[in-house]
Each structure stands twice: as structure tokens, then as C-alpha cells.
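One letter stands for each residue in the lines below.
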Amino acid sequence: MKKMKLVMIGNGMAGVRTLEEMLKISPDLYDITVFGAEPHANYNRILLSPVLAGEMTIKDIMLNDVDWYEQNNIRLHLNKKVARIDRPGRKVIAEDGTTEEYDRLLIATGSNPFILPIPGKDLDGVLTYRDIGDTNAMIEAAGTYRHAVVIGGGLLGLEAANGLKLRGMDVTVIHIMPWLMERQLDETASRMLQKSLEAKGLRFLLQKQTAEIVGTPASDGVKSRVKSVRFADGSEIPADLVCMAVGIRPNDDLAKAAGIHCNRGIVVNDTMQTFDPRIYAVGECASHRGIAYGLVAPLFDMAKVCANHLAQMGIGRYQGSVTSTKLKVTGVDLFSAGDFSGGNDTEEIVLHDSVGGVYKRLLIKDDRIVGGVLYGDTVDGSWYFQMLREKQNVAEIRDHLMFGQSHLGNSGHQGQSSAASMPDDMEVCGCNGVCKGTIVKAIKEQGLFSLDDVRKHTKASSSCGSCTGLVEQILASTVGGAYTPQANLNKPMCGCTDHTHEETRKVIREHHLLAIPDVMHFMEWRTPNGCASCRPALNYYLLSTWPHEAKDDPQSRFINERAHANIQKDGTFSVIPRMFGGVTNASELRRIADVVDKYQIPTVKVTGGQRIDLLGVKKADLPGVWADLAMPSGHAYAKALRTVKTCVGSEWCRFGVQDSTQMGIDMEKTFWKMYAPHKVKMAVSGCPRNCAESGIKDVGVIGVDSGWEIYVAGNGGIKTEVAQFLCKVKTADEVIEYTSAFIQLYREQARYLDRTVHWVARVGLDYVKQRVLEDTEGRKALHARLQFALQGEKDPWVERTRGMEKHEFEALTV
Amino acid sequence: MSALPVNSPVSITPAGQSRTWVRVAPLSDIPKLGARVVNSAHGDIAVFRNAEDEVFALRDQCPHKGGPLSQGIVFGKTVACPLHNWQIGLADGEAVAPDKGCTGRFATRIEDGIVYLQL
Ligand code: SRM
Ligand SMILES: Cc1cc2nc3c(=O)[nH]c(=O)nc-3n(C[C@H](O)[C@H](O)[C@H](O)COP(=O)(O)OP(=O)(O)OC[C@H]3O[C@@H](n4cnc5c(N)ncnc54)[C@H](O)[C@@H]3O)c2cc1C
Ligand code: SF4
Ligand code: FES
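Taken in order, these protein sequences are the chains called A and B. Be aware that the first sequence starts at 1496, since it is given in the working numbering, and climbs by one per residue. Be aware that the second sequence starts at 2, since it is given in the working numbering, and climbs by one per residue.
Where hints are given, some of them may not hold.
In silico contact screen, one side only, chain B against chain A (beta carbon under 8 Å); selected entries [unchecked claim]: (1) A26; (2) P27; (3) L28; (4) L34; (5) N40; (6) V75; (7) G102; (8) G105.
Cross-link-like lysine to aspartate or glutamate pairs, in silico, EDC-like; alpha carbons within 20 Å at most [unchecked claim]: (9) K1575/A with D1626/A; (10) K2046/A with E2005/A; (11) K101/B with D1947/A; (12) K66/B with D2065/A.
Which residues of chain A face chain B? A few of them, derived with a C-beta cut under 10 Å, are [said to hold, decoys possible]: (13) G2066; (14) H2253; (15) E2303.
Hints are computed from structural coordinates only; laboratory data are not their basis. From the three backbone atoms N, C-alpha and C, an ideal C-beta is built for every residue, glycine too.
With the hints as extra help, turn the sequences into a complete structure.
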């Protein structure tokens, strides 16, 4: 069959991204032709700022060179501006007469810089700032001339001014409004910004209206060149170079001329289709629901949707974007998002430390963040922005909202909280040893835009994740508003599907699905058998939703859960037998000692969880070790109940008011063999001195004279988080009932690999209280469902000493 | 039953030495979407079976830090190393970009339900 013809006009960021997305899903559908008015292949326009500033070269910012087009069989017409679209004839005609026919047309012509209609605008030396040509012209001028005037104190103008200054020019920024970046910043933040830019040597003239650009007299053959800028108030300053950065206009000329409906941009619907069904538009030239965007992040969302429809997959709608802003001036930390103008019905929280140079202002309406400005400390910009976009209720966390998510300053990066002030050689990711400079370099040279990209390419933040906030900051300050934190609410499970964890769980429940292939088929997984990330999640969802019905799939479990021991860096395993409540006896200890001798186990260590770890066991020895130990599996390898840490309690301790050891043993006997979305740790202390550290466990119980206090959703690992008070109960039975209900709710609702702390942060403690405390029937039902799920569950070690999964432990020989 | 297609042989054997086919085990001894370790004179070899019953063999050492690939999760024609999750192509032993590295491959063949390995 003959392929359909797809023609694209405009070889910029949005258009090429659309092609990339489409080639990923449907590589052979079209014969593709691309027209680009610029003489360059596809480059990263937002990095023109560091190019102007001398921090990068044009070569560094190429996203796809001409080879890429060749490899994908795309006909590329560079330096050819399309002059006309012939809709009846279904062809486009370039200025030089080149003609191409289309079955589908994609318009991605971006926007044009707005030029003030004032005398002198056409003089030599008057430029805009949009493409490589402009940038080179400015760099060249900076080498020859001295006085630069930038008209426009917005994002683009300031980045231009900063670049020209770094190139050695005397720079004055003219702005008509009372303060800089008035669309993104409030006055306070703007003044702080102005001060720090002044410290870099920039000059500002605010509330100045430019009236005229004055040129040198033209003389035979030599064109008149800019000499000065004159203002409405009559004053004048010298200028050898004028850069106009006063806004952009969607470039819809071609579409308009072809009779396609435009209204400050080419009007498109939610599938990025214009009024002519054969013609699509993406990028800054498109007007979607009345908005033409001027930042990269929304354009990428559009590209994804448009690609889907061009590929005739017919799914996905673009429903608009909330954008945020980040100025890309090295050393300046600034973040703004949403509406920050305030009003009668909005409240604001402000933190202002003028000496320390920090200003934070959040606007809250109906318990939701609607806008925010951060200056100086932007660590939490992504976090706020995410809550803003997801309209998350912040009532509960309001009192500490201002202090941030503090996912920084925990462990592994020296407590650093500001990426901007970090030197390039400082370590950001303590797990993988990645420095700031490496991350910045990768972002720039590989054209990375998302956290996932950075994780893949540099490994930073891909292990324990505690440096995520820092990496996000570095990303944001390198690519500016082009970085949008991954939406948490509607984040797909993985690259194999567009469905979220929640959707998948729901479908499994509602359609009574019992096996992984059924889920993948029913939910149209893109890959034949998933990946190492979705398969373990699906396996857990099936088992937890349909206990005793769904069958476990060992091949969809991480090796630790398949071998029932922890793999070590040398490929050996560790064995941690269970000691209920941390209590052991001479016979167990003797057997452990004998096993260590018999199997020549190199290391024996007391763990942080009150039990003993045998490290360096050969895989083939595992069943033998387990048989000789004759102790239950400690599940130290599993997303399951780990330990219930206890203190000695009232049995021995002079302060103890409750028998915490027995309570811990009872809890451990109730919950052991229980798989969960992530590991679950508990502790019971016999009095408020809390020697078992109940305050940092998933479930922490503290004995008091009149009963037991129950705390939930604490965490002592990567991100230390204090457990929250759930309730106080009188009896040990109630402790079991209430904690079971909490844990079962977590098992049924959390995403795979959420610890309780992450899950509760998302659903809110109020919700948990409502389900576990207020709804008595519901609590009992949850408790019963957990008991049902655990009924008859076997000890995996015992089963394997009897020969189950034998092949897992035996090597073949040739 | 006729011989199934042979995965392209590669020379990890030094030039001059001849390669021989050796019997490993019945296909059914290797779990679908799983692997077995084969102890050989060439060191440990990981023999994988995917969902389509194709069989692949790689040196059981991840190009990253030597992780035992036989212990990883298999999907499509890829295995995820159990130590730090590098993805290694089963057919070519190459790490999936952006990671870089390669581990040795061995040719495999299935005949009458028996898996053979070329050493
Ligand atoms: C053995 C032990 C260290 C020790 O020698 O004491 C240990 C060893 C490991 N921990 Fe741990 N953790 C051990 C107690 C802890 C504790 C303390 C505790 O449980 O009281 C914590 C903090 C408490 C908490 O989890 O809230 C802890 C927080 C972590 C974390 C971070 C979890 C988090 O959500 O922040 C990880 C990483 C993960 O699970 O993703 C981790 C992961 C690991 C792994 C499994 C790393 C891995 O994937 O291979 C280590 C396995 C070694 C092995 O093969 O045995 N380990 N780990 C401790 C075993 C306790 C036990 O008896 O089961
Ligand atoms: C200096 C600078 C810094 C920026 N910084 C940021 C930032 O930090 N964060 C952020 O999110 N955004 C930033 N932006 C904005 C961002 O670059 C744009 O939003 C994005 O490039 C728009 O993509 P697009 O594909 O719609 O348009 P473009 O990338 O402009 O692509 C359109 C292309 O179409 C070509 N074209 C137009 N008409 C025709 C025709 N008739 N025939 C053939 N070709 C044609 C143009 O020459 C152009 O190459 C910045 C922009 C600039 C200039
Ligand atoms: S035992 Fe825990 S803290 Fe220690 S190295 Fe391993 S994961 Fe890190
Ligand atoms: S050893 Fe395989 S990923 Fe590190």
C-alpha cells in the first residue's frame, strides 16, 4: 500500500517532538516531509540563553541533526520558508517554488517576536531574540560595540540582558511597568531579583516608554545604524545594539491566508486538529481553548496528543496546562507559578528573610494552593507546583507548608538545599556518586527535559531518591519553565501503559482479573510482557485483590522474593530468620551457630531490626540452611512484614507500664507472611520513653498506663518522617484490630512501592481516621479481610526445604 | 520436530579453537520468562527463555558490576540486572541505552525440546 504523506511546516521544538512521538508508536505510517525556514536542523531553542551567555555553543544545543532525519527517512527542506498552503490542491508551496503534496499537514510555525511600531525599528543593530541568527548577531555585536539596550523586562529580556552583559557589554534594560517580570512576580520578589541583577552589573530603567530609536545619518551605501534610544519623557541614552523582547505573537499567517480559523493563534480542538480535519497545529502557533502557550512544557504535552492522533491511535486529549516559570540566569533562584495577585477570597502565607535573600509567598484559596512565588530558596517549587496542578487539599499540612517538603537535607547530600549555590564538583546523588556538573552537562548536551530522562542518563536520583528535590532544581534552573514535575496523580505505571496504578487496581477488582497476561490484554499494554517495573506491581495487585484465587507468578517477582533471601553484591545471599518480637533462646542460637559452621557462612551480624543476619550464603545452600535453622522466614527480603521491634516492657523494666514484648510478639504472629505494597515495620514500646522507636515505624505502638497509643505512617529510612497519632485504645485485642484495619487499607489502596508514609501523605490522615476510627463496621471488615488473606499462608522457607521451586536453587552443568 | 532457528553465533571463543554444541537441559526445565544458571568450563552462563519460547545465553555477568543476570526479571527480549537494574538485551548482550556495556553471548538451539548451547 502506498504510504500517506505527512508534511510539517516549521522545524522547531514542538513539531519535531510530535514527529519523534509519532515515530515511536507508528514508524511506517507516513512519508514525511519537513520545511524549516531556518538553515539549521532541530535545536533546543531555550538554550539560546546559555549560548548567548557564552556557557554553551550552538553545537551543544542540537537536539536532532540532519542524520536523524535521514535515518528516519524524513525529507528535510532547510532554509525554505513555506509561502502558501493550497488546501483544495492539498499542497504547500515554499518561497522558492518547492512544492509538496500532503494527506495530513502539521503546522508548527511557532511565534514571531513582537516589534514595537516606533520610528527606527528597522535600523541596523535593532534585533529580536528568537533564533540562532539573532543570537549570533548579538554575539557579533557584543564583540564590536559597547552599549546595549534591551527593551522588555520579562523572562526573555532579562536572559538576553544577562547574556550581553557576560559578553562584556554595558547593558540597560528598559521596562514599561513598575517592576520586572510583573506577569510572573509580585513586587517584593521582583525587587529582590532586580537587586541581584544590579549586583551583576545590569542597569534598569523602569516605567519608561520607548518613543523612538535614533540612528546615525545614512551616507552613500552605508545603512543607518542605531545610535541611541529616546523615551516618551524626552530623555535619551546611547545604544549600539537594541534588543526588543516585548512579547511574542503566534505565527498563524499561513493558516490565516489559507482560510483556516484563527484567533490569536490557529484554533485547535483537544486533539490538536484545526478546523480543516486534514490539518493539525502544535506549539506556540496554536490556540487551544483560547490560550497560546509560550513555554515548552505544554507544547510537549500537545505533541504527545497530536502524535497519537496522527498515528491514528485515536486516544488522548490535550486539556490545557498550568505553567510555571524559572529564570535561567546562573546564580539566581526564582520560581513562580499560577495566580499570585491575590484577592479577597485568597489567603497568603509569606516568609521573608531579606538579609538571607529568601522570599516565599504562597496563595491559598479554599485550602488549595493557587499560586506561589519563591525567591532565593526554590527547593520546594516543584512540590508546590505539583500540589497546585493537582488541586491538592493542603489544610492538614498548612502549618508546615512553608518549611517545605524537606526531601532535601536528609541524607546523602550534606544537607544541601540550594542547587544554584552548589559548585559543579559537589556530589548531588550520594548513591551513584553524581556531581552537579555532570547533571547539568547531561541536561544540556543530551537535551533532557524530565526527571526520568535525567535519571536514565545520569543515574542521579534513580536509587534512593533522596536527592530528587535537588535534581529537580538543577533541571528547572537549566531548562527553565520547560521543566514540569511529573504529575503524581495521573502518572502512568510505567512506559508499558498510560494507565495509572489506581486505574489498574480498579480494573482488576471490577473485572475480576486473575492473571498478569489478562490484565495486560484487557488494558492494552504496549509491551508483550511488561517490564521489571510493572510486572511485580501487577503481581502484587492481583494477589492482594484476589487472595487464594490469583496465582503467584514467581517470574514477576524481584530475585529476593523469588529466592526468599537478599541478593548481595557478589551474587551470594543473606538469610535473616524471624525472631518474634526480637526474642530468642539458646536452642535457636545454637542452631544458628551450627549452620554458620556447617555452611561456612563468612559474616554473622546483628541487624538494626533485632535479629541475626547470616551473610554470604551460596544460593544452592539456601534450602539446606533453612532446613537446619528450623526457624521461620524473616521476610527481610520481601515487600512484606519485616520486624516488630519491642522493648523489654513491664516484664522487667522498672518503668514499663505495659507488656510490650508480648504485644510485639502477638502483632508479629498476626502479620507475618503478609505481603504489602512495600516493606512494613512495626514497633511496640512499654512506656513513653519509647525505647523501641515506635515514632518512626509504619505502625508504632506505645504503652501508657491506661492502654496503648497507636501511631502510623512513620519512616526511618531515606526520608525520616515522624509517625502520626492515630488513636488510643484500651486492650491488646483492640491494638490488633485497629492496626490490622490500617494495614489492610494500605494493602488495598497504596501504589506498589509506596511506604505507608507516601500513601498517607497522598490520601490524608483524615481519610484514614474516617475509615479506621469512625466507621466501626468498615474497620471490622478490613480486619476480617486481612485475616482471610493470611489464612493458610505458608512459610516460604518450609515449603522450599520440601522441594518447592527446586530449579530456582539448582544450577545446571555442561 | 525440526530445528528451530539458531540465534546468530558469536565468537567469544578465541580464533582457532573450534566450537561445539553441548546439551543443556529440556526446554521445560527453564521457566518461561526466567533463566537457569549453567556451570561450564567458560564460567557461569545464564540461559534465558522468553514468552515465545526463544532461548538465549549470556555470560552470567552484568557489564556494570558483574551482577548475576540469571537472577534478573526477563521481559520481551531483555533482562533487568538484579543489582542496579541495568537492562541487558538477551539477543546481543548489549546494555540498553543510555547505559553502555556488553556481555558475551553464546549461540543456542532447540531440537526436539532439548536446549543446546554452543561453547
Ligand atoms: C540488614 C539491615 C542492616 C543491618 O545490618 O542492620 C538492612 C539491610 C538492607 N536494607 Fe535496610 N536494613 C536493615 C534495617 C533498616 C532499618 C531499621 C529498622 O528496620 O529498624 C531502616 C529504617 C527504617 C525504615 O525502613 O523505615 C532501613 C531502611 C532501608 C531502606 C529505606 C526505606 C525507606 O522507605 O526509606 C532501604 C531501601 C528500600 O527498601 O528501598 C533499605 C534496604 C536495605 C537492603 C534490603 C538493600 C537491598 O536492597 O539489598 C539491605 C539488605 C541487606 C541484606 O541483604 O541483608 N533499608 N533498613 C537491617 C535489617 C533489619 C531486619 O532485621 O530486617
Ligand atoms: C532565548 C529563548 C529562551 C527561552 N527559554 C525558555 C525557557 O526557559 N523555558 C521554556 O519553556 N521556554 C523557553 N523559550 C520558549 C521556547 O523556546 C518556545 O516555547 C518553543 O521553542 C516553541 O516551540 P515551537 O515549535 O512552537 O516554535 P519554534 O521552536 O519557534 O519553531 C518554529 C519553527 O518554525 C519555523 N517557521 C516559521 N514559519 C515558517 C514557514 N512559513 N515555513 C517554514 N518554517 C517556518 C521557524 O523558523 C522555527 O524554526 C525560550 C525561547 C527563547 C527564544
Ligand atoms: S545496609 Fe542499608 S544503609 Fe547499609 S549500605 Fe545497604 S542499603 Fe545502605
Ligand atoms: S551489576 Fe548489573 S546493574 Fe549493576
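Structure-based check of each hint:
The closest approach between the C-beta of A26/B and any C-beta of chain A is roughly 5 Å, which is under the 8 Å cut-off, so the hint is satisfied. This hint is violated: P27/B has a C-beta 11 Å from the nearest C-beta of chain A, more than the 8 Å allowed. Residue-level restraint check for L28/B is violated (minimum Cβ-Cβ distance to chain A is 12 Å; threshold 8 Å). Proximity of L34/B to chain A holds as hinted, the smallest CB-CB distance being about 4 Å (cut-off 8 Å).
Residue-level restraint check for N40/B holds (minimum Cβ-Cβ distance to chain A is 5 Å; threshold 8 Å). The interface hint given for V75/B holds, since its Cβ lies 7 Å from the closest Cβ of chain A, which is under the 8 Å cut-off. A distance limit of 8 Å between C-beta atoms decides the matter here; for G102/B the minimum to chain A is near 13 Å, and the interface restraint is violated. Because the smallest distance between the Cβ of G105/B and any Cβ of chain A comes to about 15 Å, over 8 Å, the interface hint for this residue is violated.
Simply put, K1575/A and D1626/A have alpha-carbon atoms about 15 Å apart, close enough for the 20 Å limit, and the pair holds. In summary, the hint linking K2046/A to E2005/A is supported, as the alpha carbons are separated by about 18 Å, within the 20 Å threshold. As the CA atoms of K101/B and D1947/A are separated by approximately 18 Å, the hinted pair is consistent with the 20 Å bound. Only pairs whose Cα atoms come within 20 Å are accepted, and K66/B paired with D2065/A is accepted, the gap being roughly 9 Å.
Of the supplied interface hints, the one on G2066/A holds, with its beta-carbon coming within about 4 Å of a beta-carbon of chain B, less than 10 Å. Interface hint at H2253/A: violated, since its Cβ lies 20 Å from the closest Cβ of chain B, which is beyond the 10 Å cut-off. With 10 Å as the threshold, the beta carbon of E2303/A comes within range of chain B, its nearest partner Cβ sitting at about 8 Å, so the hint holds.
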